[in-house]
Each structure stands twice: as C-alpha cells, then as structure tokens.
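> Chains as they are written, first to last, in the numbering used here: chain A, 52 to 270; chain B, 47 to 262.
Since the hints were derived computationally from the structure, they do not count as laboratory data.
Please note that the accuracy of each hint is not assured.
[Claimed, not checked] Taking lysine to any residue and the SDA-like style, the derived pairs with C-alpha atoms no more than 20 angstroms apart in a straight line are: (1) B:K222 <-> B:W93; (2) A:K161 <-> B:D226; (3) A:K187 <-> B:F125; (4) B:K90 <-> B:D226; (5) A:K187 <-> B:Y258; (6) A:K161 <-> B:W93; (7) A:K57 <-> A:I257.
Letter by letter, the chains look like this.
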Amino acid sequence: MKHWYKILSVIIIIYTLVWGLLNTVPRLDILNETIRNVYYHVPIWFAMLFMMTVSVIQSVLSLTKNNLRNDSKAFNASLVGFFFSIPGLLTGSVWAKYTWGTWWTFQDPKLNGVAISILIYLAYFILRFSIDDELKRARISAVYNIFAYVMMNVFIMVLPRLTDSLHPGNGGNPAFAKYDLDSNMRLVFYPAVIGWVFFSYWLFNITNRISFIKNKLHD
Amino acid sequence: MFLSLIKKEFLLEFRQKSTIGGVLVYVIGTIFVSALCFKARLDKPTWNALFWVITLFTSVTISGKSFLKETGGQALFNFLHYSPQQFIISKVLYNMVFMLCLSFVTFFFYAFFIKNEVENLSLFFLVLVLASSGLAGVLSLMSAIASKASGNFAIMSILSFPVLMPLILVVIRLSKQAVDGLEWAGVGLDFIVILVALNVLTLALSFLLFPYLWRD
Chain A
52 MKHWYKILSV IIIIYTLVWG LLNTVPRLDI LNETIRNVYY HVPIWFAMLF MMTVSVIQSV
112 LSLTKNNLRN DSKAFNASLV GFFFSIPGLL TGSVWAKYTW GTWWTFQDPK LNGVAISILI
172 YLAYFILRFS IDDELKRARI SAVYNIFAYV MMNVFIMVLP RLTDSLHPGN GGNPAFAKYD
232 LDSNMRLVFY PAVIGWVFFS YWLFNITNRI SFIKNKLHD
Chain B
47 MFLSLIKKEF LLEFRQKSTI GGVLVYVIGT IFVSALCFKA RLDKPTWNAL FWVITLFTSV
107 TISGKSFLKE TGGQALFNFL HYSPQQFIIS KVLYNMVFML CLSFVTFFFY AFFIKNEVEN
167 LSLFFLVLVL ASSGLAGVLS LMSAIASKAS GNFAIMSILS FPVLMPLILV VIRLSKQAVD
227 GLEWAGVGLD FIVILVALNV LTLALSFLLF PYLWRD
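Given these sequences and hints, build the entire structure.
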C-alpha cells in the first residue's frame, strides 16, 4: 500500500475542513470565530517549511552525490513550497484583516520574513533559468539554495523572537498553548498539520514524475 | 599563502586606479544626490535608514565585480595553485578590509554632506565593523555565484538583497541605538551577539559551499 499517505491526507483534510468549522472553540476577544483559521493557516505554513526543508536536503544530496535527479527534486520541492506560500499568505492576510485590522503590516517580523523568503525563492528560480548548462546549474543553484535556506531560517525563527511581534508566542504575546489551543482544538489542529504535510509530499511526488517523464521524452 | 593572495588582490586593486577612483566617485555621487533630495528634512531614524541603504547598494555594486575578474586564464591559474578554501577566505578577508574602508569613507562623506547624527560614536564604529565584515562574507559568495551565472549583472542584486535582509535589519536596529546616543550599559547585547553569530555563520557557509562553485 504505497498510496496510504495520499488517501490519509485527503481524508484528514476533509475532516479538518468540516470539523474545523463545526467543533466548539474557546470564545476569545478580538479572535472570536476567526480562531478556526488556526486549522488552515498554520498547517499550510508547516507544509511550506516542510517542502523547503525537503528541497534543501535534495540540494545537499545533489552536491554530494553529483546526481541530476536530486537537483530536479530540489527544484520541484521548492516549487511546491512556493505554491503553498500563496494560500498561506492569503489565509494570513484575511485573518490579519479581521483581527489586526489590516491586510498587511510591516510591523510584524514574521510577515517580513515570509516576504523575504518568497523573494529568496524567486531569486533561486531566476538563478536557475539564467544558467544553461545542466551540471553547472545543479551545483550553483544548490549552493544558493542551502545558503538561502539558512538565512531564511535565521529570519523566520530567530529575529521574531527578539522583537515584538503580533503573532502569538513571540515578543509580548502569549504563546499558542497558553490560551487558544484547548484539547478540542488539538483534535483538529494536529491532524491538519499531518494532512497538509502529506498532501504537499503527494504534490512533490507528482511534480517529480512529471519532470522524470519530461526528461525521458527529451532524451 | 593567504598573504600572497591578499597581497595580489590589493596590488590588482591599486594598479587599476580607475576602480578605486570609480568607487569614491560612486559613493560621493550617491551621497550628494541624497543630500540634495532630502535637504535638511532628515530626522534620526531616516538618517540611519538612508545611511544603511546607501552602504548596502554601494557594497553590492562594488563587490559584484570581485569574482568577475577571475575568468579564463586567471581562473585556471588560481585553480592550479590554490585550494578553494584558501581562495575564498582570502577573498572574504580582502573584501572585509575593502568594505570597512568603504563604509568609513561613506560615513565621512555622509556626515560631511548631510550631517552627523551619531551620538555614541564608538558603538556606531563597532556596528560599521561588524556590518562590513558580514556584508563582505555574504557578498563574496554571492559574487562567486553571480559570476558563474552567465554574467548577468542584475543577478548579483537579485541574489544578495533577500539573503542580506537579516543582517541589515539587525544592523539598522543596533545602529539606531548608536544614533540615539544610548550608553553602552543600555545597548542590546542580543543584537551584537546575533551580528557576530551571523558573521560566523556566513563565513562557515562560504567555507563549506565555495569548493562546489570552484570547478567548472
């Protein structure tokens, strides 16, 4: 049964979509019903980070093994991760509108971090398109990918913890576990993370197969 | 080995007086244009931000060429005579010295043409040192990457700006404290630690990753 994770991801995502809207959530000021966005917004970012990590691992493999398959996997993973950043941004933006009163703010280090990481991945794509030789492209883009990944993590993980953030768990704001993730919400939130991560892995596999077939046709 | 490489870099730089002169004119020209555009309307945060934007753009433009020279026969010679680690470390060291001089020159002209808003000068100089070494570390590797990518000049800034952001944001925060004249006791040590850590991190990454860019 090698398809188990695909079936599981679809079932879990449907479950979280339905039960996420139906179950009871804590009544909190400002957040009110928008707290349900935790089930959609946060897991999508988890999926994106997961794909970016897969991409970097593949880049490291492509450098050490000198294998073009790993390089195309690294590219595909970053494409899928980039794809996930769009719904991540949209759900976050809508949520911000109803809780912080604005679609986008430069006050929050996490938002800036996300904007920067999207720029980094666009730069990665442009770098790839500007090199024609396949082996050279594999090596050079892998070097940039690894470097950029480390910098992105410094940005997303470290900087927000030093300055005030509007996100929970950073700066002066209380953490998730403290107030808004009660046991009822955990029943949806944790499966949602697993579901979206599996779903991203499924997309990653599909893009891999597409590029494999394209390569075969090309040869 | 290092010394001979670094010496070679300096010799090359000073033999071509046009590049040094070009850098100076570039810096002065940029500062003069911003002085005319902003007139006397600069308050402290803007003064600080504008200074770092100018430094960022100058250093990206200047260091973009640091690997462009190493092509053809020169590249083959380097490849045969030096190890990649020696090469990148000497490049970074040279760039650090160069950026440091450049940022001090920038600060001098910036203070001269616009005004000097810095109240805690020793902290500001520390920030200048840490920032220029960090910039040199990141930009050396980025320039090595850009030089391999079909000589497209815009690619240098596309690649560098996003990865420089963490460094620049920390630097701007810290230098804001220097501009505001915070006493040493009240300075956020966190920021200094992060800056040093970022420096070490970029150096280590360049050291590890550069050998893969080395062969063609």
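> Against each hint, give a clear statement of whether it holds in the structure.
So, going through the hints one by one against the coordinates:
1. For a cut-off of 20 angstroms, the pair hint linking K222 of chain B to W93 of chain B stands: about 9 angstroms separates their Cα positions.
2. This hinted pair does not check out: K161 of chain A and D226 of chain B have alpha carbons roughly 26 angstroms apart, beyond 20 angstroms.
3. Of the supplied pair hints, the one linking K187 of chain A and F125 of chain B holds, its CA atoms being roughly 17 angstroms apart against a limit of 20 angstroms.
4. For the suggested pair K90 of chain B and D226 of chain B, the alpha carbons sit about 8 angstroms apart, so the restraint of at most 20 angstroms is met.
5. Annotation: proposed proximity of K187 of chain A to Y258 of chain B holds, straight-line Cα distance about 10 angstroms (limit 20 angstroms).
6. The suggested pairing of K161 of chain A with W93 of chain B is violated, with an alpha-carbon distance near 26 angstroms, which exceeds 20 angstroms.
7. For the suggested pair K57 of chain A and I257 of chain A, the alpha carbons sit about 11 angstroms apart, so the restraint of at most 20 angstroms is met.
Going through the hint list in order, the structure does not satisfy hints 2 and 6.
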